[in-house]
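For the protein sequence lines, the chains are E and X, in the order given.
Under this note's numbering, the first sequence is numbered contiguously, ending at residue 257.
Under this note's numbering, the second sequence is numbered contiguously, ending at residue 637.
Be aware that one or more of the hints could be misleading.
When the alpha-carbon atoms are kept at most 25 Å apart in a straight line, the in silico DMTMM-like pairs for lysine to aspartate or glutamate are as follows [said to hold, decoys possible]:
| id | chain 1 | residue 1 | chain 2 | residue 2 |
| --- | --- | --- | --- | --- |
| 1 | X | K21 | E | E47 |
| 2 | E | K2 | X | E276 |
| 3 | E | K79 | E | E194 |
| 4 | X | K7 | X | E627 |
| 5 | X | K253 | X | E627 |
| 6 | X | K496 | E | E47 |
| 7 | E | K234 | E | E194 |
| 8 | X | K504 | E | E42 |
| 9 | X | K496 | E | E209 |
| 10 | X | K16 | X | E111 |
| 11 | X | K321 | X | D548 |
| 12 | E | K49 | X | D548 |
| 13 | X | K21 | X | D411 |
| 14 | E | K49 | X | D500 |
| 15 | X | K508 | E | E42 |
| 16 | X | K364 | X | D291 |
| 17 | X | K508 | E | D30 |
| 18 | E | K147 | X | E373 |
| 19 | E | K79 | X | E392 |
| 20 | E | K49 | E | D38 |
| 21 | E | K92 | X | E276 |
| 22 | X | K637 | X | E361 |
| 23 | X | K504 | E | D30 |
| 24 | E | K79 | E | D93 |
| 25 | E | K92 | X | D380 |
| 26 | E | K49 | X | E276 |
| 27 | X | K182 | E | E209 |
| 28 | X | K494 | E | E50 |
| 29 | E | K2 | X | D548 |
| 30 | X | K496 | E | E50 |
| 31 | E | K79 | X | E111 |
No wet-lab data here; the hints were simulated from the structure.
Please read these numbers as outputs of a predicted model, since none were measured by experiment.
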Amino acid sequence: MKLTLNVWRQPASQAPGKLETYTLDGVGPDMSFLEMFDMLNEQLTLEGKEPVAFSHDCREGICGSCAMMINGQAHGPWKGAATCQLHMRAFKDGDIITVEPWRASPFPVVKDLVVNRGSFDRIIQAGGYISVNTGGARDANEILIGKDVLDEAMDSAACIGCGACVAACPNASASLFTGAKISHLGHLPQGQPERDKRALAMVEQMDLEGFGHCTLAGECQEACPKEISIDVIKRMNRDYLVASAKRQEPRAAVGSG
Amino acid sequence: MLDLNPKIPSGPLESKWDQHKFSMKLVNPANKRKHHVIVVGAGLAGASAAATMSELGYNVSCFVFHDSPRRAHSIAAQGGINAAKNYQNDGDSVRRLFYDTIKGGDFRAREANVYRLAQVSVNIIDQCVAQGVPFAREYGGLLANRSFGGAQVSRTFYARGQTGQQLLLGAYSALEKQVAAKKVQMHTFEEMLDLVVVDGHARGIVTRNLLTGKITSHAADAVVLATGGYGNVFYLSTNAMYSNVTASWRAHKKGAAFANPCYTQIHPTCIPVHGEHQSKLTLMSESLRNDGRIWVPLKRGDNRPPAQIPEAERDYFLERKYPSFGNLAPRDIASRAAKEACDDGRGVGPGGLGVYLDFAESIKRLGRQTIAERYGNLFDMYQRITDENPYEQPMRIYPAVHYTMGGLWVDYNLMSTVPGLHVAGEANFSDHGANRLGASALMQGLADGYFVLPYTIGDYLAGTKLPKVDTSHAAFAEAEGAVRAQQNKFLSIKGKRTVDSFHKELGKIMWEYCGMARDRAGLTKALELIPQLKEEFWSNVNVPGSGDSLNQSLEKAGRVADFIELGELMCRDALNREESCGGHFRTEYQEEGEAKRNDDDYAYVAAWEYAGEGKTPILNKEPLVYENVHLSTRSYK
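Just chain E, with the same shape it has in the complex:
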C-alpha cells in the first residue's frame, strides 16, 4: 500500500519543530509500524536526508521504548498494544498518518520522535522499591501470598514505563504509572513497611516533576499497552490520603534514653 506520512521533525530540544510530509510505497500489511519507519528511514537516507529519530528496542511490546502518537492516539489504533506491536494491516492504501512524539513537559523532546523519560526513573527513586539489601533474605516460601492477591499485584507490575498514559492524558498526569507501582508493592506483604512513605514520596515527586493532576478522564487506561486499570489510581489516592492523615497525627512519645 501507499501511504502519506506527516512526521514531526525537530532537530533538537530547543529547536522549533514542524510536521514534514513523506510518501511511502510498497508497505505490506504484515509489517510492524516500526518496520514501516525503518523503510521510510532507508528511503530518506538514500535521498541524502537525515532519517527520523525514534525510540525502539525490543519490538515485542515489553521494553517500553517505543513511543509515538499516531493520528493523535498514543501507540496508535490497536488497544492493548505498543507501537512496535501495531501492524500495518491496521491501515489501508492511501491513508494519511500523522506521527508525533509524546507531548508532556516532563518528557522533553530530544529529537524528532524521541523524548526523555528520565522523570519516570526519578519517581521510582522516590520510593518505588522495597528497601532490602542483597543476601540474607529468608526463604521465599516463608512469605505466603494468596493467588488472587498475587494476580492483582502482577496486573499492576506489568507496567512497561512507556509513558503512553502521560501522553494520552489531557493533564499529562503520571498517575497511572505511579499508581501501578504503588499498587504492585502495596499488594504484597513485603511492601507494607514502607507503604505510607512510598505513597507520599512518589506522589510528591510526580508533582515536582511537573506532571499534571488526575481528573479521572480515563484516557490513560485506554492508551495503556498493558491495559492497566485506572483502579491503581484509586489505590494510590487512598494510600496517599491515609499516609497524609497519619503524617499529621502527632507521634506517640517514646521513652528517653
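Fit chain X to the given chain E structure using the hints.
Just chain X, lined up with the frame of chain E:
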C-alpha cells in the same frame, strides 16, 4: 600466549565456593568507598551488580545507552528462572540442576562455575521475592513452579510470561534505591566505546553521550561489562534491536580474550519470518512446549489446512525421535529437528519454513480457560503478529537466533584476561557451555550480579596494588582520540549504502554459513565474503547527520563495524571446532543424524586473542576437566 588459568578453587565441588568465599581477601568497610567501580550495562547482571556493590559500600558508576536502565533486553525474557528449591518434591537438588546444566551445555562448560550457579540459584529466588518480584503462586500462597525446556523436574519460577521483566524491575528498583541514596551515579544515554588499560589493568572507559555526542573518559579501579549477547550479528534474531557487541569487542581489542564465539543458541519456538522488511524475530516462550505438541504433515507438500490433516497423517517428530523428552527436548535438538522437517519439504506456512505447535489436545483436556490462564498473553501476541487465532488453529513456529553462549573469557572470579575487567551475564562465556537450557540465562545474570561479582571484585581490589589513576593519564587521551577519529571517519565516508544494508548482508552470510548447521566449505566461503564486506563498509557506508547530537545512524555504524569483525571470528572459531556440540552443529560430524562430539580433541574453551588489525587472531585453549560428571553422549531418546 595468554594466561588462561581458570583459578578454580581446590577441594570438593560442593565446597569450592564456600571455601573460596572464606579465602578471598576482604576490603575494610571504611575503605570500600575509596574504591570506584564502573558497571557498563544495567540488565539483570549489570543492575544487580551495581546495586549490590554499592550496598556493600563501593563507589559505583553505572552506564547505559538507554533512556532508563529498565529497558535492558533482559526485560524481554518470558519463560522463567530456574532454582534448585525442590519445592515440588520431585527429586530436584543442587546436584541435579548442576548435572542438567552441564549435560545441557553438551559438556563444554566449566564444572566449578556451573555448580556455584546451581548453589546460588536458591538464594536468587529468596532475594527476588524479598524485593517484591511477583512470582506466580498457588492458592495456598506458596510459590508455583513449572517444568521448562529440557528439564524433567519442575524447578522454574515464573511471573506470567513476563519473568524477565519482573526480575529486571526488581534489580532496577534496587539500583534506583541506590541512585536515590547517591551511592550509584547513573549515566543514561551513554554508550561505552572503548576500554582504557593502564599498566595492564582495566582502569576506565570512554563513552559517547548519545544526546550531545560528547566523548568523555571515566576512571575507576575496576570495570564490569554486563552488556549482553551478540545475537544481532545475524541481523534477524530475537534480541532487542540495540543489543550489540561493541563494548565487548572493543575490550577484546584491548586484550580480553573472546571465548567460544561460534556457540549460538537457536531457539525453536519463534514466529516464522514473514517478509523482506522484517527487522526482528519474535520468540514465543518455550513454556508453550509444556502443553503444545509439535508436528508437521507426514507427506511432503501437504498444504491442507491443519484441521483437515488426520492424526494418522501427522508426524509428531519430537515425540517420535525423543520419546523420553518429547516436545521438551533441549533447544538445539528441537531446533535442528524442525529444520530437518522443513529441509525435507514438510514445512508449513508461507515458504515452508515453519512447523505446527498445536494446542488442540490440551484445550480439549484442560479447557480453554486453563490454557488462556497459562499462555494468554503469548496467544494474544501471536494473533497480533500473524492475524491467526491459536486457540482455533495451531501456531506456526520456526527456530531463530536467540542467545550467544560465547563471550569474553573469564576465570572463576569472572575476571577477563585483562586484570580488573570483569564480565557478567550473557557478555561472558561461562556457565552454559555449547548450549543453554531454558530459564538458565536469567539465573546466570542474577547469580553473577547479586552473588558472585560483589565478592570477587572485593578480592581483586584488596589483593591488587593499584596506583592512583585519573582521566588525565595519557591512556585516556589516546583512547578518546581513537574514538573521535572513528566517529569522524564514519561521517566522512559519505558512501552510497545505508548502515542497515550492510548489517542485513552480514546477517545473511552468518545465517547461511554459520547458522543452525555449518560445514567447512560454507565457513571457508564466509571467511572470504566477510572481509570483502568489511572493505566495502569502510569505503561505501553512508552515515548522514553530524556527531554532535543524537544520531542513530552513527550509533549503528559503530555497532555494525564491530559485528562484521566479530562475524569473521565466529566463522573462524566454527571452522576450527571440528565436532558438533550443543548450538554448534558441523554437518561433517554426525552419527545417525545426531551431533557427534569429539572430547578427545575439543574438550576445551577456545579463547581467541586479538593480534592486531589485519592479523590472524591467536587461538588459546583452556582444557575442560571433568572430575564430577562422566562425559557421556548426550541422549534425549
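Here is what the structure says about each hint:
| no. | hint | result |
| --- | --- | --- |
| 1 | X/K21 <-> E/E47 | 60 Å, violated |
| 2 | E/K2 <-> X/E276 | 17 Å, holds |
| 3 | E/K79 <-> E/E194 | 34 Å, violated |
| 4 | X/K7 <-> X/E627 | 16 Å, holds |
| 5 | X/K253 <-> X/E627 | 34 Å, violated |
| 6 | X/K496 <-> E/E47 | 10 Å, holds |
| 7 | E/K234 <-> E/E194 | 18 Å, holds |
| 8 | X/K504 <-> E/E42 | 12 Å, holds |
| 9 | X/K496 <-> E/E209 | 45 Å, violated |
| 10 | X/K16 <-> X/E111 | 11 Å, holds |
| 11 | X/K321 <-> X/D548 | 58 Å, violated |
| 12 | E/K49 <-> X/D548 | 17 Å, holds |
| 13 | X/K21 <-> X/D411 | 15 Å, holds |
| 14 | E/K49 <-> X/D500 | 15 Å, holds |
| 15 | X/K508 <-> E/E42 | 18 Å, holds |
| 16 | X/K364 <-> X/D291 | 11 Å, holds |
| 17 | X/K508 <-> E/D30 | 21 Å, holds |
| 18 | E/K147 <-> X/E373 | 13 Å, holds |
| 19 | E/K79 <-> X/E392 | 22 Å, holds |
| 20 | E/K49 <-> E/D38 | 14 Å, holds |
| 21 | E/K92 <-> X/E276 | 20 Å, holds |
| 22 | X/K637 <-> X/E361 | 23 Å, holds |
| 23 | X/K504 <-> E/D30 | 19 Å, holds |
| 24 | E/K79 <-> E/D93 | 21 Å, holds |
| 25 | E/K92 <-> X/D380 | 23 Å, holds |
| 26 | E/K49 <-> X/E276 | 23 Å, holds |
| 27 | X/K182 <-> E/E209 | 19 Å, holds |
| 28 | X/K494 <-> E/E50 | 13 Å, holds |
| 29 | E/K2 <-> X/D548 | 35 Å, violated |
| 30 | X/K496 <-> E/E50 | 14 Å, holds |
| 31 | E/K79 <-> X/E111 | 48 Å, violated |
Hints 1, 3, 5, 9, 11, 29 and 31, counting from the list given before, are not met by this structure.
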